[in-house]
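Trainee: Following the hints, complete the assembly by docking chain B onto the known chain A.
First to last, the sequence lines map onto chains A and B.
Anchor point for the first sequence: position 146 equals 146 in full-length UniProt numbering, and the numbering is continuous, going up by one each time.
Anchor point for the second sequence: position 101 equals 101 in full-length UniProt numbering, and the numbering is continuous, going up by one each time.
Any given hint could turn out to be false.
Pairs of lysine to any residue residues, derived as SDA-like cross-links and limited to a Cα-Cα distance of at most 20 Å, are as follows [as the list claims (entries may be wrong)]:
1. B:Lys-48 - B:Leu-67
2. B:Lys-125 - A:Lys-160
3. B:Lys-75 - A:Pro-190
4. B:Lys-125 - A:Ser-168
5. A:Lys-186 - B:Asp-171
6. B:Lys-86 - A:Met-177
7. A:Lys-186 - B:Leu-111
8. A:Lys-186 - B:Lys-137
9. B:Lys-147 - A:Leu-264
10. A:Lys-186 - B:Lys-48
11. B:Lys-75 - A:Thr-263
12. A:Lys-186 - B:Pro-93
13. A:Lys-186 - B:Gly-140
14. B:Lys-75 - A:Arg-180
15. A:Lys-186 - B:Glu-129
16. A:Lys-160 - A:Leu-104
17. A:Lys-186 - B:Leu-73
18. B:Lys-147 - A:Gln-182
19. B:Lys-137 - B:Thr-186
20. A:Lys-186 - B:Lys-147
21. B:Lys-189 - B:Gly-140
22. B:Lys-125 - A:Thr-179
23. A:Lys-186 - B:Val-37
24. B:Lys-125 - A:Pro-167
25. A:Lys-186 - B:Lys-125
26. A:Lys-186 - B:Ala-124
27. B:Lys-75 - A:Thr-185
28. B:Lys-75 - A:Gly-46
29. A:Lys-186 - B:His-150
30. A:Lys-186 - B:Lys-189
31. A:Lys-186 - B:Ala-126
32. B:Lys-125 - A:Gln-183
33. B:Lys-75 - A:Thr-179
34. B:Lys-75 - A:Asp-171
35. B:Lys-147 - A:Leu-104
Keep in mind that the hints were calculated from the coordinates and are not lab data.
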Amino acid sequence: MSRTATVPAALAGGPTGSAIARFTQMPVTWRILSLALFFTVWEIAGRTNFNWAFPTFLETLSAFVEMVLDGSMGAAYLRTIEPLIIGLVISLGVGVGSGVAMGLRRDVEFLTLPIFITMQAAPMAALIPLITFVYGIGLTSKVLAVIFLAMPVITINSYKAVRNVPPSLLDMSRSFMGTRWQQITKVILPAASPMMFAGIRLGVAEGFSGVVLAELLITPTGIGDLITFHRSVANFGHMYATIVSIVAFAVIAVSLLYRLETTLFRPEKRGL
Amino acid sequence: MNAIAQTATPDATAAATPVDAPIVRTEGIHKVYGGAVHALKDINLEFKRGELTSLLGPSGCGKTTLLKIIAGLLKPTEGRVQVNGKPITGPGPERAFVFQDFALMPWATVLRNAAFGLEQQGVAKAEREERARHYVKEVGLAGFEDKYPHELSGGMRQRVGLARALAVDADVLLMDEPFSAVDEQTRRKFQEDLIRLREIENKTFILVTHSIEEAVYLSDRIVLLSPRPGRVAQVMDPDIKREGDPDAIRRAPEYLDLTDEIWRGLREYVE
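This is chain A alone, in the form it adopts within the complex (with noise of 0.2 Å):
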């Protein structure tokens, strides 16, 4: 029996830790490799023609350089990064709070519970235009797509990581006097913080996609705008530069997310 005592390994770090954690491990030289392996590939893929929209690795790495060079990249990751931030921080915020209130007492998960349930389960991307309707194409209609993609997942799964501490463990800290209070700090915060986590990285995930939603359907704005701009005019280099960068962004905010996991709650699994 390994840790898999309290908290089984599928759970604690979701497959996404498990693959990030393993891609962190790996040698730098693999990391590098791998990398190198996959824009040849595509820089193969691109010369070959196949698509006339495909743009070549190389076309698209300059056209990065350009857009980062002539500021456009910089303003258009200002713009998009605030209905980004402001969505996280209220769904981490409500989403942690809620889940955890709804872990610790019956009667609040008797009442949000379904309200969540139905969130996770609805295709909220479906509720954008209706977004629009009531709050325009401003700001506010762009953090509450971050919100609704991203707050769901975040809750359910704060709730489901304090129900799922193992039971002995409460037993344990009461048996040894602990308060309530302690027993919430000192350990069932813990014990659910791995479950959490892989929920908080699957929300901010889900709040990428949802600004890049709002941005296209909504108003074209930031990284959406370029997007939009570019296939316009087909300059498919920048196009792709840009959702590659995307898609970098929001796969170092995710490790970074894991990281600071690591160092905050869970010591043991720096050396793992």
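Mentor: Positioned in the frame of chain A, the structure of chain B alone reads:
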């Protein structure tokens, strides 16, 4: 070895001197789960200070339930538990629990796990770590203070659970099948160490086990519980000398005879 009937005369013992007074007493404990499952029925027991008592019985006899009621983790449907003459309302500093699944925090080192009871009581870090270090050493884990539970074997993990219970300096150690999740060899070593530990630490032990051999090997008193509803079937006081060679116990005629006798008594409850 003499099998005696359970004592159920609260007034007689209350008048006795505090030294002889039982440290833990259960009075008319009933436990009914969900209004239907009668887990425990009329349990009247006395646990003497400094003795090791085993609660022995087949699965489903409510022995763990009884232990958790004594620990204050479960409320009895009827009846009460007295510790040092005072009725309990929940867990208390005079009792410490050792869990079947160890209940270690995987994110905490051996030292922090062992010091956790003290940490929750608000003992300063330096002091609690010093005390935890002492007991980690006493249970034979010196050098492993900074390891995490996943780096230890099952037996070593339970030693951390034992160190944690010893560190809070409780009078009564409640052990819920502490050796059931470790392998046979480790269990034997653990049992021998427990006998040695009892010579150093003056504690009262209440041990839940389903192993007849373990109960006879370790106990000053064995409480046999019958299943559904759990009732006290018999109380036995094995008269086995535990000084000297621990292996000699397993060859002693008293040990073998009592093991056999208990098995004959329990056989009827086992399908």
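Trainee: Mind listing which of the numbered hints don't hold for this structure, in increasing order?
Mentor: Checked against the structure, the hints that fail are numbers 2, 3, 4, 5, 8, 10, 11, 13, 18, 23, 24, 27, 28, 30, 35, while the rest are satisfied.
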